[in-house]
Structure formats: C-alpha cells, structure tokens
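Undergrad: Construct all of the structure, not just a fragment, from the sequences and the given hints.
There are 2 protein chains.
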Amino acid sequence: MFYRCRCPAHSQMACSNIRYGAGVTKEIGMDLQNMGARNVCLMTDRTLSQLPPVGVVLDSLTKHGVEYKIYEDVRVEPTDKSFKAAIDFAKQGHFDVYVAVGGGSVIDTCKAANLYASHPEAEFLDFVNAPIGKGKPITASLKPLIAVPTTAGTGSETTGVAIFDFENLKAKTGIANRALKPTLGMVDPLHTLHMPSRVAANSGFDVLCHALESFTALPYNLRSPCPSNPINRPAYQGSNPISDVWARHALKIVAKYLKRAVRDAGDVEARSSMHLASVFAGIGFGNAGVHLCHGMSYPIAGNVKTHRARGYNVEHPIVPHGLSVVLTSPAVFAFTANMCPERHLEAAQILGTDVSNIKKDDAGRVLADTLRSILYDLEVEDGLFAIGYTKEDIPSLVKGTIPQERVTKLSPRAHTEEDLTALFAASMKLY
Amino acid sequence: MFYRCRCPAHSQMACSNIRYGAGVTKEIGMDLQNMGARNVCLMTDRTLSQLPPVGVVLDSLTKHGVEYKIYEDVRVEPTDKSFKAAIDFAKQGHFDVYVAVGGGSVIDTCKAANLYASHPEAEFLDFVNAPIGKGKPITASLKPLIAVPTTAGTGSETTGVAIFDFENLKAKTGIANRALKPTLGMVDPLHTLHMPSRVAANSGFDVLCHALESFTALPYNLRSPCPSNPINRPAYQGSNPISDVWARHALKIVAKYLKRAVRDAGDVEARSSMHLASVFAGIGFGNAGVHLCHGMSYPIAGNVKTHRARGYNVEHPIVPHGLSVVLTSPAVFAFTANMCPERHLEAAQILGTDVSNIKKDDAGRVLADTLRSILYDLEVEDGLFAIGYTKEDIPSLVKGTIPQERVTKLSPRAHTEEDLTALFAASMKLY
Ligand SMILES: NC(=O)c1ccc[n+]([C@@H]2O[C@H](COP(=O)([O-])OP(=O)(O)OC[C@H]3O[C@@H](n4cnc5c(N)ncnc54)[C@H](O)[C@@H]3O)[C@@H](O)[C@H]2O)c1
Ligand SMILES: NC(=O)c1ccc[n+]([C@@H]2O[C@H](COP(=O)([O-])OP(=O)(O)OC[C@H]3O[C@@H](n4cnc5c(N)ncnc54)[C@H](O)[C@@H]3O)[C@@H](O)[C@H]2O)c1
Ligand SMILES: [Fe+2]
Ligand SMILES: [Fe+2]
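If you read the protein sequences in the order shown, they are chains S and G. Number 431 marks the last residue of the first sequence (this note's numbering); no jumps. Number 431 marks the last residue of the second sequence (this note's numbering); no jumps.
None of these hints come from the bench; they were simulated from the model. A hint or two may mislead.
In this list, chains with the same sequence are indistinguishable; a pair is considered to hold if it fits within one copy or across any two.
DSBU-like cross-link-like pairs, simulated, lysine-lysine; straight-line CA separation at most 30 Å [unchecked claim]:
#1 Lys429 - Lys391
#2 Lys91 - Lys429
#3 Lys359 - Lys63
#4 Lys26 - Lys136
#5 Lys136 - Lys63
#6 Lys26 - Lys409
#7 Lys256 - Lys360
#8 Lys409 - Lys391
#9 Lys91 - Lys399
#10 Lys256 - Lys359
#11 Lys252 - Lys360
#12 Lys429 - Lys26
#13 Lys252 - Lys359
TA: Below is the structure:
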C-alpha cells in the first residue's frame, strides 16, 4: 500500500515535478526555506481554510519560520472578477513564492495571480486565450508556485492552464501557457479524505474525461496546420504515444477506484489512488489536450442559472466543472467513435464492459452505455435538463462552444454547429 | 504508425522535455535560433560524424545560420581522460548551447563538458559521486543542452546522469545531478536505422535492464535513512507508482520489438518503438534507480582486458555498457526474486513466459530462464567467461562493486560480499 509511507522519503516524480506521498506537505516549510522564501502568498478557499490541508501547511510554515499572507477569497469555479481580486492581492503583496492549497479553483486562481503580478503592466485580456483574449506570449519570469491539490480531479498541479468563467460571455475560457506550470506539485493523498462525496464524484469525472478525451484526441501527426517554427507548437498537441500511456493508466485506476472513492470517504486506498490518477490524467491531457466534453462544458458552466451544486459548501449557483464535462460524454463519444473505434472500444473495456463480441460500428454506443451506467450508479443528475437547461438554451450553449476552438479542434471528428446542437440535445436526458 | 509523421508537428512530451518524431531533428537549427544561440558546441563521435544523424543536424544549423564548432573525439565508453579532453574543448570554446548527437557515450560526455565549463574553478572529482568523488552540489547554472540520441538504449536524454570509466579504479562511476538533465531531447527514430545490429542489441539490453531493475528496485517508502530535509532526497528514490508505469510500458515494448530491431535494421516500426522504449525506461529509472545489474556492470566494464566488442567500430577493448549489464541479469533476478516474487513473475510474463502455473518460490528461476532464452536467441556471448573473465577476476570485480553503493543499495535484497561473489560466479557461463 504505497500511500502508507513510513518516512518523509516520498516519491518525487521525474515528470512534471510531482512529489507524492502521505504526509508530504508536512515538509513544505523546509522546501520554502530551501528556496529562500521570505514572503509567501498562501491561497485557498473558505472551506479549505478550516480544514487540515491548510492547517498542515500553516503548521509547517510556522515551524520553519516562513513569513506568509493568506488569501482565502478564492471563488469556487472562479470568474474574471474573482481572478482580478486575487491578482490585486498578489500585486500588493510583492510575494516571492506562491502556495496554492485547494482544488482546481484555488490552483488556477493562484496561477493567474502569479502571472499578472509578474506582469504588472499587462491588461487582463492580454494572456487570455485567443480569440476571446489576445493570447500574448509571457515574457517575464514568474515566481515559484507550489500547488497542493486537495481534490482528485483537475490535475492543475501538472498543467500550464488556468480556467475562469468570463461572466460577460457566459462561457469559461482560460490562460494556457507552459510558464504557468507549477514549480512543484505536492500530492498528499491524506488531503483528499476530507472531500465531500459529491466533490469526489465530480472531480473524479473530470479525471475520467481528461483520460477519455486525451486518449481519443486527434493524433499528433494528423494535426494541421503544421507550425512553421517549433516555438509555435500549441501546448495541446493531440494524442501521442506518451499521453496514451498516461490516459490508459488513469482510466484503469478510475475503473477500479472511482466508485469506491465516492461512496466511502474513509477508503484511503481508493481516494489516494484517484489522487494519483488525477496527476496521471493531468500529465496526459496537459500534453495531448482534451476536446468536445471540455469545449462544450464551458458554456454549460457559464450559462448556469440557478443550479446549486449538491454537497458543495458554496453560496452561488454553479455547475461544478466535472459535472459540466461528464454530462455530455455519452453523446460525445457516440459521435466521435467512428473515427477511432478501437480506442473507444478499448476505453469501454478498461471501464469494465465486455467488448469481445462487439463490432467496430457499435463502439460509440457501447462506450456511451458504459458511461451512462457509471453515472447512473453514482446518482448523477439526469442530463442537462436536471441542472436547469431546456431545448431553448441550446443555441446559446452552441454559441458559447464556438470560441472554444483551441480545445474542440482536437476532436477526432470534425463538427458543424448542427452537430453541436445535436450533441447538446442528446445530453438533455441520460437515462 | 506514429513514426510516419507528415509534418513537423511532432510530439513534445510533457515529461522530461522530450520531442519525438521522425525527422524532428531537421528543425534543430530553428530551435537554436529561437534560443538565441550564437556559438554552439556540437559533440559526437567519429563513427556518427560520418552518418546522417550528424549530417541532418549540420544541414539545419547551416540553413538557419547558426555558428558552431564540432567536437568529434568522444570516446565510446568514455573515461575520466576522455571526459577531461572534452571539458578542455568546452572551456576554450565559451559556448552558449550544447548539442550532443550520439549514444550515451556522446550525451554523457557533453553533459560533463557543459558542467565543468560552467564551473571553471572546480576540480574534476568535485562533482563525481561519493565516495569516489566529492559529490558536491552544483551551484552555477549550466548552458542549455539538446540531446539527440542515436541509440535505443541509455535514455541519457532524460536523465541527470553522466557515466565514465575511472581508469585508475578500473570501475565506472559517474556524476548524478538533476542539473545535468538535458534541456530538450530530440528523439528522432530515423536516427536508429543506422545502428549496427550489435549496437541495437546491446543498447536494447540496457533498456531491458533499466526497466527490470527500476521495476524491482526497493520501494520508495522502504528506503532509509529518511532525508531530514527534502533537498537531500537522492535522485534515485526507489520504485514508485510513477516509475512502475514507465517500467512496465518499456518492458512491453522490449518484449514485442527487441528481437525484431536487432535482426532487421530496416524494421522501422521495431527500431522506432525501441527508441521510445529507451525514453520510457530512462524516465522510469532516472526516477526510481537501478540496482545490482548496473552496480556490478561498472567493474565488468572497467576491468576489461582485451575484449573487442563485436560489430563496434572502435579501436580499444571495451565491454559495451548494455552487454556488461545484461550478462549478470539472470543471476541477479534469481537472487532478488524472493523479495518481490510477484514483480519478478509479472516481468517474466510480460517478456513472454506463461507464468500461470508458477509458484512464487520459482519466480527467480523463471525470470532468469526467460532472460537466458532471450540472450541465447540474440546470440549474446556466453557469460563473463566469453568476454575474458575467469574465476580469478572475481575478487577485483567484487571490489569494484563495493563503491557503487549509491546504486546497489536500491537492490530489494540486502547483499554481502559473499553474495556478490556468488553472483559473479553464477554469471561466468549462461547457457
Ligand atoms: N487548470 C487545469 O488544468 C484545469 C483542469 C480542469 C478543471 N479546471 C478548473 O478547476 C476548477 C474545478 O476544480 P476542482 O474540481 O478541483 O474543485 P474546486 O476547487 O472547485 O473545489 C470544489 C469544492 O470542494 C471543496 N474542496 C476541495 N478540496 C476539498 C477537500 N479536500 N476537503 C473538503 N472540501 C474540499 C472546495 O472548497 C469547493 O467547495 C474549475 O474552475 C475547472 O474549470 C482546471
Ligand atoms: N546517462 C545515463 O543515464 C546512462 C545510462 C546508461 C548507460 N550510460 C552510458 O552510456 C554509454 C553507452 O551508450 P550507448 O549504449 O548509447 O552506446 P555508445 O554511445 O557507446 O555507442 C556505441 C557505438 O555505436 C555507435 N553508434 C551509436 N549510434 C549509432 C547510429 N545511429 N548508427 C551507427 N552507429 C551508431 C557509436 O559510434 C559507438 O561506436 C556507456 O558509457 C554507459 O555507461 C549512461
Ligand atoms: Fe477538466
Ligand atoms: Fe544503463
């Protein structure tokens, strides 16, 4: 049982600077000391600031005499407005190291705060992905950022991505640049034991979709146009032999542990395995990219009207990211399957379906059924309808998907607005 | 077929800064231009300097107007003396970027040249691993180094390790520090098509042993003593859930492609798959470590008397690294198996043996037999005896293994000098 580590000799992974192990965050004060940190910005949200993951970090900072300021106003599912508030805090603080303790909302907010504090002259839209923002290159060097993920979900500790809800547009977008990649991710499985069951479920769906989408993304050698200079390679480069290793491996863990992790917060083996799976899937999709489930999730999250996330300690209406992503997954994979049926079948098989007598033509249906049955077992809301959407909303959902081309162009199957309309329609009810 | 890339949109892997694809080195001139390189040191050896891998790089440098000087005196299986000659060249050249085109011998030499040119005041032993050297920390920042591996073997493009033969000691040792890790590895499978069959075999055995040893290394959470400060974590930290992914995956590719790659230089699929396997195994062992086969290989290589490597275009006696490693592998895994029989059985199974009715107690014998049969099929020399050693040499081989504790302590089974003696004795003849 690899999570029961009897000493602080945790595993520092060669990839993506991830250090893994139960209790690994206890030594963060020493790391900060080693880095010569004198003025640390600790970011978190108001739920976590009351819980052990933040407590452990604070104790370690105190023990090692590291000075810090806390920012606990991170918004769950951040917006441009909440990003800007965190950026202001960072600009005023003149910090030399950032520490983010939380889920994707906290880590992404901290990445943005670090970025704009290092570029004080920049306008907010300068670094936001085109076509919504200007997608300018990042020229200044950022301060070190240590990410301590507390959900088993986004993999944000491994990626150069920060996502926010652009409220005017009613769609999420983000900033994607390798410079945002955290200096170090401290993946301490003990932190996931506090996740409410629905947070475990939704962040687990995020892992599932990262793995499925990166595994089925357009292969890297079919991407076009070719960049004329290697510096113009996109961060998301399509599925490739490396990302496939991560995607398959993450999928296997999800198949084995997701349900257990959701159902029993005390199942340390399941929760810590899912925590590692989120890292693996993060490395995979951070490299290969995601496609339609994620592209379509951004308007699903951004157009939220009144939906309250079950089991979340949050006062505003939200569709949690993992939920917004997974609700379209049956429709999406039914749609993409004919482009690479073997991969869709393999995914269904890893997720527990016997595919030995299935024809290639049925790959999409079979993977979709597999996903629906997982969602049903985990008592997921019955489609977009159940979170407050009706047929009338489809045009705005489609409209909000169009600018997500950076992501959606990695879909293995080309698609029109009519296709997107059909995918949203097919996702209204699942069971 | 992922190697047949129709555009320069190759896969840049999130891990370890590896860019992979057929023809990917054609753009190296542009990368150097992007980096602002004005004075490049191109290192290679005298065989490769006549072959396409170097030709392609030179054409690209010329096309993009990048100034460079060539050093082609790298010794195959480098020594302290040959390292020093390369270091002198580097010191005199005041280079701003290094490019290494070759196998492990070239890449390791280039790492050392870059290191000591960046630390002009240092003595040679300062950075060499203790107890042979002083193992001092590296404080200066090194120049960027682009590694272009032409063997499917060492994985040196992914590691912070540089190995040389310390001639006075008659044993190999090295420098191990994350700072040595190449900035970018350009893994271009086309370059492996020129490898002579024996180079493909021996470098392939290196991949096999990297995977087997890192898979069976002492688990990271059983290592001791615990470092009191995270900065003192060793680079080699024992097997862990991440390195296991790489080791298993590399082993699967070796099982499928090694023999084909050795037997048919024109089998592009096999050769390019082995090239990727060397990267995977490199990331895995660079993180987890290797153990007895590698630890014992250093005196086997260092005590060479007259053995001429078959199929190598080299004038001095050598035992090629991969050969020196693999010859003890049957004995080593028979010895270590009782500590983690499941892993030894799993490895035998991946390598093609039916283990369904094998008892745990037989795991060592079964893996050893599996290895012997692969070696026999690939016409490998029949043990240490066949490369010039006799029983009389065993004491010096054991003596040369003792200072390799940095590596050998990762053996899952503790061992005495008697054990080492027995392992060398058992490796005298294989078939
Ligand atoms: N950067 C990326 O690569 C990336 C990838 C996917 C998603 N995202 C983004 O990440 C955000 C979602 O992040 P998330 O799914 O990790 O959830 P989250 O950060 O939004 O947290 C969800 C809720 O769970 C609580 N919580 C988190 N960890 C807890 C713990 N250990 N114990 C108790 N409560 C805990 C939080 O306080 C919050 O109320 C979205 O904005 C999404 O768009 C980013
Ligand atoms: N740094 C590390 O992590 C690491 C790991 C393992 C081994 N090593 C070291 O690497 C060295 C061995 O390197 P190697 O096994 O890659 O072989 P090598 O670099 O010694 O090359 C072996 C021979 O093959 C020739 N050659 C290489 N590529 C060729 C090609 N494409 N076409 C034709 N000829 C080619 C070379 O000219 C040489 O004659 C040893 O010194 C070993 O100790 C280092
Ligand atoms: Fe996501
Ligand atoms: Fe090796």
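Undergrad: I want to check one pair: Lys91 and Lys429. Are their C-alpha atoms no more than 30 Å apart within a copy, between two copies, both, or neither?
TA: Neither way: Lys91 and Lys429 sit 45 Å apart in one copy and 69 Å across, limit 30 Å.
Undergrad: Is the C-alpha distance from Lys429 to Lys26 at most 30 Å within one copy, between copies, in both cases, or in neither?
TA: Cα proximity of Lys429 and Lys26: none, with 45 Å in one copy and 51 Å across.
Undergrad: First find the shortest C-alpha distance between Lys91 and Lys399 inside one copy, then the shortest across copies, and answer within, between, both or neither for a cut-off of 30 Å.
TA: neither (35 Å within a copy, 60 Å between copies)
Undergrad: Treating 30 Å as the Cα threshold, decide for Lys429 and Lys391: within, between, both or neither.
TA: Within one copy, since 11 Å is at most 30 Å while 76 Å is not.
Undergrad: Give the relationship of Lys256 and Lys360 under a CA distance limit of 30 Å: within one copy only, between copies only, both, or neither.
TA: both (25 Å within a copy, 25 Å between copies)
Undergrad: For Lys136 and Lys63, with the copy left unspecified, which applies at a CA distance of at most 30 Å: within, between, both, or neither?
TA: Classified as between: cross-chain Cα gap 28 Å, same-chain 41 Å, threshold 30 Å.
Undergrad: Between Lys252 and Lys359, at a C-alpha cutoff of 30 Å, which is it: within one copy, between copies, both, or neither?
TA: For Lys252 and Lys359, the Cα distance is within 30 Å both inside one copy (22 Å) and across copies (27 Å).
Undergrad: Could you place Lys256 and Lys359 in one of the four classes (within, between, both, neither) given a Cα distance threshold of 30 Å?
TA: For Lys256 and Lys359, both the intra-copy (25 Å) and inter-copy (27 Å) Cα distances are at most 30 Å.
Undergrad: State whether the alpha carbon distance between Lys26 and Lys136 is at most 30 Å within one copy, between copies, both, or neither.
TA: between (37 Å within a copy, 27 Å between copies)
Undergrad: Between copies, within a copy, both or neither: which fits Lys409 and Lys391 at Cα up to 30 Å?
TA: within (25 Å within a copy, 65 Å between copies)
Undergrad: When Cα atoms must be at most 30 Å apart, do Lys26 and Lys409 count as within-copy, between-copy, both, or neither?
TA: Between copies only: 27 Å across chains, 42 Å inside a chain, cut-off 30 Å.
Undergrad: At most 30 Å between C-alpha atoms: does Lys252 with Lys360 qualify within a copy, between copies, both, or neither?
TA: both (21 Å within a copy, 26 Å between copies)
In summary, the structure is inconsistent with hints 2, 3, 9, 12 from the numbered list given earlier, while agreeing with the others.
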